[in-house]
Amino acid sequence: MPPRPPPLPIPPALPPAPDSPRSAQSIPPTGIQGDLEQDLMGLANALYNLGTTVVNDSTKDPGPGKQVGVRVNEVVGYLAGMDDMAPRLTTRIPVQILTDIDNGRNPMHLTRDRLERAATENQFMNGKIKAIESYRQMLDEALVQTFPDLADVLSGTREELPQAPADGSTEHTTLLNGEHQP
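Residue numbers (this note's numbering): 1 to 182.
None of these hints come from the bench; they were simulated from the model. Please note that the accuracy of each hint is not assured.
What follows is a set of in silico ranges between Cβ atoms, one per label pair, in the way DEER data are often shown [unchecked claim]:
1) Gly31 with Asn73: 25 to 35 Å
2) Met125 with Ala86: 30 to 40 Å
3) Val76 with Phe124: 41 to 51 Å
4) Thr146 with Pro94: 49 to 59 Å
Backbone N, C-alpha and C define an ideal beta-carbon position, used for all residues, glycine too.
Between the sequences and the hints, there should be enough to build the whole structure, so can you do that?
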C-alpha cells in the first residue's frame, strides 16, 4: 500500500456554501473529525487532479512521463487513510443519504422530505387524537343521559379518579378501570 500523502493546505478563502454548517474560512475542528475533514478535502483534490490528468493525457503510449498511476496512488492513499480512521469515528450516517449521494441526489432533499413526512404524519396523528377526544365527549354525554348516576364520575377528565369519601369511611370506590380504591 502506498504511503499516505501529507494533508494539503486549505485552499484560499471561498464563499461558504449556502447550506454549510460553518464558513469556508474557519479552521477544521480538532480531533478525528478535523482529520477526517482534511482527508476528505485532500481526497476531493486528488480526485480532481486524477480527472484532469486523465483528460489531459490523451496519448495511449505507455511511458515514464505518465502521471495517472501517481494520481491513482494518491487517491488510494487517502481512501486507505479514511478506512483506518473509520473504527475511531462515532458519527453514523444514514445509508439512504449515501445512496442518494451515489445517485446524484442532494442529501438536503432527503432531509426536507423527511421533515415534510414527519409534519404530515404529525397532522394525521393530531386528527386521530381530536377524533378520539370528540368520540369520548359524545360517549360521556350519551352515558350521562342513559346513566345519570355516572354524571359525577364522567363530568371530570378521565385522569381525575374518584377520591375516597371525606368522612374517613373505609368503603371502597370502584374506579373506571374496574380497580378498587380504598
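Taking the hints in turn, this is what the structure says about them:
| no. | hint | verdict |
| --- | --- | --- |
| 1 | Gly31 with Asn73: 25 to 35 Å | holds, 27 Å |
| 2 | Met125 with Ala86: 30 to 40 Å | holds, 38 Å |
| 3 | Val76 with Phe124: 41 to 51 Å | holds, 49 Å |
| 4 | Thr146 with Pro94: 49 to 59 Å | holds, 53 Å |
In this structure, every one of the numbered hints holds.
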